[in-house]
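Chains as they are written, first to last, in our numbering: chain A, 98 to 515; chain B, 11 to 239.
Be aware that a few hints might be false.
[Claimed, not checked] Keeping only pairs whose Cα atoms sit at most 30 Å apart, straight-line, the calculated DSBU-like set for lysine-lysine is:
id, chain 1, residue 1, chain 2, residue 2
1, B, K126, B, K108
2, B, K126, A, K433
3, B, K139, A, K432
4, B, K108, A, K502
[Stated by the list, open to error] Output of the computed footprint for chain A on chain B, the stretches with three or more beta carbons under 8 Å from beta carbons of chain A:
id, segment
5, 46-54
6, 70-77
7, 130-142
8, 157-164
Everything labelled a hint here was simulated from the structure, so no lab data went into it.
Glycine residues also receive a C-beta, built at the ideal position from the N, C-alpha and C atoms.
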Amino acid sequence: MFENISLAFQGIWGHKMRSALTMLGIIIGIAAIISIVSTIKGTNEQIKQNLIGAGNNAVEVQLYQGDESYEFSWNAIPKGVPVLDETRREELAAIENVEDASLYTYRSYADNVFYQNTAFNGYVYGIDMHYFSVYGYYVQWGRNFVERDFTEHKKVVIIDQTVMSTLYPNGVNPVGTCLEIAGSPFTVIGIVDQKSSFEPVIKNMDDYNMYRTDSNGKIFIPGESWCIPYQFDEPQNAVLKAKDTDSMTNVGKAASDLMNGSLNVARGSNITYKSEDLLKQAKDLQDLSNSTNQQLIWIASISLLVGGIGVMNIMLVSVTERTREIGLKKAIGAKKSRILWQFLTEAAVLTSLGGLLGVGGGILMASVISRIAKTPTAISVPASVIAVVFSMVIGVVFGLFPAVKAANLNPIEALRHE
Amino acid sequence: MILELDHIFKDYPQGKLTVPVLKDVSLQVEEGDYIAIMGPSGSGKTTLMNLIGCLDVPTSGTYILAGKNIAKQNENQMAEIRNRYIGFVFQTFNLLPKLSAQDNVALPLLYAGVGKRERRERAAEALRKVGLGDRLNFRSNQLSGGQCQRVAIARAMVGNPTILLADEPTGALDTKSGEQVMEIFRQLNEEGVTIIMITHEPDIAMHAKKLYHIRDGVLTGPEDRSEDD
Chain A
98 MFENISLAFQ GIWGHKMRSA LTMLGIIIGI AAIISIVSTI KGTNEQIKQN LIGAGNNAVE
158 VQLYQGDESY EFSWNAIPKG VPVLDETRRE ELAAIENVED ASLYTYRSYA DNVFYQNTAF
218 NGYVYGIDMH YFSVYGYYVQ WGRNFVERDF TEHKKVVIID QTVMSTLYPN GVNPVGTCLE
278 IAGSPFTVIG IVDQKSSFEP VIKNMDDYNM YRTDSNGKIF IPGESWCIPY QFDEPQNAVL
338 KAKDTDSMTN VGKAASDLMN GSLNVARGSN ITYKSEDLLK QAKDLQDLSN STNQQLIWIA
398 SISLLVGGIG VMNIMLVSVT ERTREIGLKK AIGAKKSRIL WQFLTEAAVL TSLGGLLGVG
458 GGILMASVIS RIAKTPTAIS VPASVIAVVF SMVIGVVFGL FPAVKAANLN PIEALRHE
Chain B
11 MILELDHIFK DYPQGKLTVP VLKDVSLQVE EGDYIAIMGP SGSGKTTLMN LIGCLDVPTS
71 GTYILAGKNI AKQNENQMAE IRNRYIGFVF QTFNLLPKLS AQDNVALPLL YAGVGKRERR
131 ERAAEALRKV GLGDRLNFRS NQLSGGQCQR VAIARAMVGN PTILLADEPT GALDTKSGEQ
191 VMEIFRQLNE EGVTIIMITH EPDIAMHAKK LYHIRDGVLT GPEDRSEDD
């Protein structure tokens, strides 16, 4: 076998030009497929990133009534939904594949938040010590919350970049200023920013809508101080940081199950905790893009068929050219099977080499496409391996006929061949 | 008796007719014999050579080589027999141009399943024996005709076959190279190698110990010439 392979390489090297031309069909076919697959994979990664946020892997578990998210901005707190304590949070953090967990309350409609005469239209969050770490916020100026801010119900607030730029337009330092939240004065102690673990790729309205939610900014107060402006300790939502993107679905399920265990709502109220399965949404979108692109792969496969026929053609020429050699080999004792394998190996090595070059060409092409069309591409290792193996199979399939022809040559006639 | 042809007939179909090429050929070869078969072209000598070389089977009659009835072997067994018992030397050498002399000589051992290191060693040894120990890595286009034929002889002998079968071994060579080849044959025969040589050149046939003639498919002989040498 090894002997055959090294002989095959000698044969290919001996006819460089011819071998290159033969491989061309395979190279182009494989390159086309690899570049398509890379583009698909890139698009898929992008979808996943845009939807989930690479690196964050935050799983949100929120209260729902039926399929509608249940918000306290305009709904009363339902009976039987308890405020969760630290023990419950630790249980959430102990779920498999969870790195950290945080409990928080929020208003998506910030009622009565003012800086001097300017109203604020963003989100208000009542958070715990873990929230910033789960979402990757860090303090840019001023200070973070400390233990005492929570235990002593301090009226302190941290704002984000967007809020700073909208409420403090003239370069005023927000630290130390006072925000009025539902009638209560809160002192700004710090400004946070989110580690941008990825740049959202915004190419159309859908992409834009996906990010729009953050546009008004967020302000954060200690969860323990929530009842000062909003009268009640409200039942919290949870956010969990999953170890990796793929475990998000399971983490969401486990967390909502755990939180639903603490619910004691009236039957038929239809109030449950649910986690939005972003992974599934991403998958659905990916499936859509896959199905269109798979048709492209089929078209590209036709060029592989043409390449395979080219290989068969050249192998037939090669068999005719080497008739005497085959005759001699048979005369000195080469069995049929050995001649068969010799030519099959040569065809397979030729096309595998073409496949390898095609993968290289495809990767190159994909990177050029991504430059020009500004779409992301990602190299798929399994696809590359499959491509090379498939090229080898093409070699075997299309090399079979010439190889059988060679193996069946009559040695007497073959030796007499001019 | 290492080789026995017994009432061999060989017909070839030609259109609707069958043309008899060999007619009742019988030949017995002892170990250590050196036989020349002479005949003009079209006499059936190449057909006889193909039969003896196990490249073809007779239409009727029996051919026993090393105790095996050749007519009863399948294609793979025939290949094995050729590999083990017969060393071919052709008029046109039939060396593989892409391989070195050493690799050419090692080829039959490859088919015999000999390991790579041993193949190379035995091929080098066989080339030394024909006086080409310094040409191991030369290709056929870097060698003279005589040298090519000596490589071919080394290839024929490397597997220690029972018979050396030579078809016009000097046909493509000048007189001097031809004499060299004949000298190697003589030495091999002295060492006990059985040689069957087919030729139409009387000068070359004279080197053999026994001389047969073939004409129109009929074999006559032997003229025993061992005393003349």
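How the hints compare with the structure:
1. For the given pair, K126 (chain B) sits about 18 Å from K108 (chain B) by alpha-carbon distance, which is consistent with the 30 Å threshold.
2. Straight-line distance between C-alpha atoms of K126 (chain B) and K433 (chain A) comes to about 21 Å, which keeps the hinted pair within the 30 Å bound.
3. Restraint check: the Cα-Cα separation between K139 (chain B) and K432 (chain A) comes to about 28 Å, which is no more than 30 Å; the hinted pair holds.
4. Between K108 (chain B) and K502 (chain A) the alpha-carbon distance is near 22 Å, which keeps this suggested pair within the 30 Å criterion.
5. Residue count for the segment 46-54 of chain B with a Cβ under 8 Å from a Cβ of chain A: 0. That is fewer than the three needed, and the coverage hint is violated.
6. Proximity of the segment 70-77 of chain B to chain A, defined as three or more residues with a beta carbon under 8 Å from a beta carbon of that chain, is not established by the 0 residues found.
7. Counting residues of the segment 130-142 of chain B whose beta carbon lies closer than 8 Å to any beta carbon of chain A gives 0, which falls below the threshold of three, so the coverage claim is violated.
8. Taking a C-beta to C-beta cut-off of 8 Å, the segment 157-164 of chain B contributes 0 residues in contact with chain A, too few for the three needed, and the coverage statement is violated.
The structure does not agree with the numbered hints 5, 6, 7, 8 stated previously, though it agrees with the rest.
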